[in-house]
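**Student:** The primary structure of each chain is shown beneath.
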Amino acid sequence: MSETEQTPVLRARGLRKEYGSQGSLVRAVDGVDLDVAAGETVAVMGPSGCGKSTLLHLVSGLDRPSSGEIWLAGLRIDQLPERALARLRRDTVGFVFQAFHLMDELTAVENVELPALLAGRPARAARRRASELLDQVGLADRARFRPAALSGGQRQRVAVARALVSEPKLVLADEPTGNLDSEATLEVLRLFESLHAAGQTLVIVTHDSRIAATADRLIGMRDGVFVDETRLADGTTGSLGALAGLEG
Amino acid sequence: MQQEVVLAMLAKEPSHGYQLRSRLQQALGPAGDAMNAGQIYVTLSRLEKGGLVSCEQTAGLPDRPDRKVYALTAAGQQRVSAWIADVSWPGPGLAEFHLKLITAAAGRLADPVAVVDAQRRELLRRLREAQRAAMAEPERSDAGLLLEGITLRLQADLRWLEACERNWTGRKDRE
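Those protein sequence lines, which keep their order, are chains A and B. Residue numbering for the first sequence follows this note's numbering, beginning at 70 and increasing consecutively. Residue numbering for the second sequence follows this note's numbering, beginning at 149 and increasing consecutively.
Any given hint could turn out to be false.
[What the hints assert, rightly or not] These stretches of chain A come out as covered by chain B in the derived footprint (C-beta under 8 Å, 3 or more residues):
no. : region
1   : 176-183
2   : 248-261
3   : 277-289
[As the list claims (entries may be wrong)] Among the chain A residues that face chain B by a calculated CB cut under 10 Å, a handful are:
no. : residue
4   : Ala107
5   : Thr305
6   : Gly314
Source of the hints: derived by calculation from the structure; they are not laboratory data. Cβ coordinates follow ideal geometry from the N, Cα and C atoms, glycine included.
Work out the full structure: start from the sequences and follow the hints.
**Tutor:** Below, the structure written as structure tokens:
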């Protein structure tokens, strides 16, 4: 993990997003400050409707804030023109969604290389990179499979590989385990842990406590505001025996 | 009945045994039916012997033979505070945690939402540990299967804590 990078990968100040008009104004995000350091995994947790998906859209430039400031990799993005913003998003951010959003008619490797091709990378280099990534997520032998022939956990791993193809400074995941059973969730958790170990900066919004528990820092969000923050230290609580029903 | 629960109920106000019993019945509903009627008196007399509650005789009414009023001593108060702050899990059960929130609110001992938050942080630490251990296991190992059971159970506990938090946050807003 690089400690040399002083600028946070993501910084937000006084972030607000309002929908509707006077009388029926909804404050989806209501004054949020956030710093995410390079190599850090941050989970934002809260019930559905707490504003966490909106927050993700704002900090990635998919949506504009009503007010507040956002820096991505040191660059102020909240007032950037649309075209520059789209380019920055493409080069700097990788997205992972609950519903995978893979193209059904493309194979796994074609899905992974697609963003690189759209960014103008030579076809051969894009394919090489996509193959490497599929290998990294443990799906080298599924490269020619279409999404329909893959399990839920495998599809999400393909989606993670795709998110990494442009070597983004930041990976944003919105309920990445929301559609997965217990075993597939473990596959994705393993993958995120390996990304974390490799120094990838990750922001995950979720209401799944399992994925939240893998984060370095856990932020609780309710009604558009951050309500608490916890650093989850490593180390043992010595409670596994008691949890298993053995004398503790 | 857990001694600390009885002590924490007395933090609200000095009470007769039958008052404590009816508050417990209300808090526990049908889950409390298994409780023995005499249990609370046994607990109270143990607490009195241990110097954690004091007992005063009152004049009483003819139809109420129960004339003892119990109150917390300083030692009892200390014990209650330690219990509120304790985040051990799994404790003797869901009812104990449930009653901790109710007595914390009634006796103004702590903000129940803060109690839930502290407990959740602790459970997330345990979940993290169990999950790390599960990820380190080879596929289909015996140990991995047990760890999966632990993580599923912790998830269920965490979901209940979410429900506790929603419920108590809602009550605060109504006040």
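**Student:** Which hints, by number, does the structure contradict?
**Tutor:** 1 and 4
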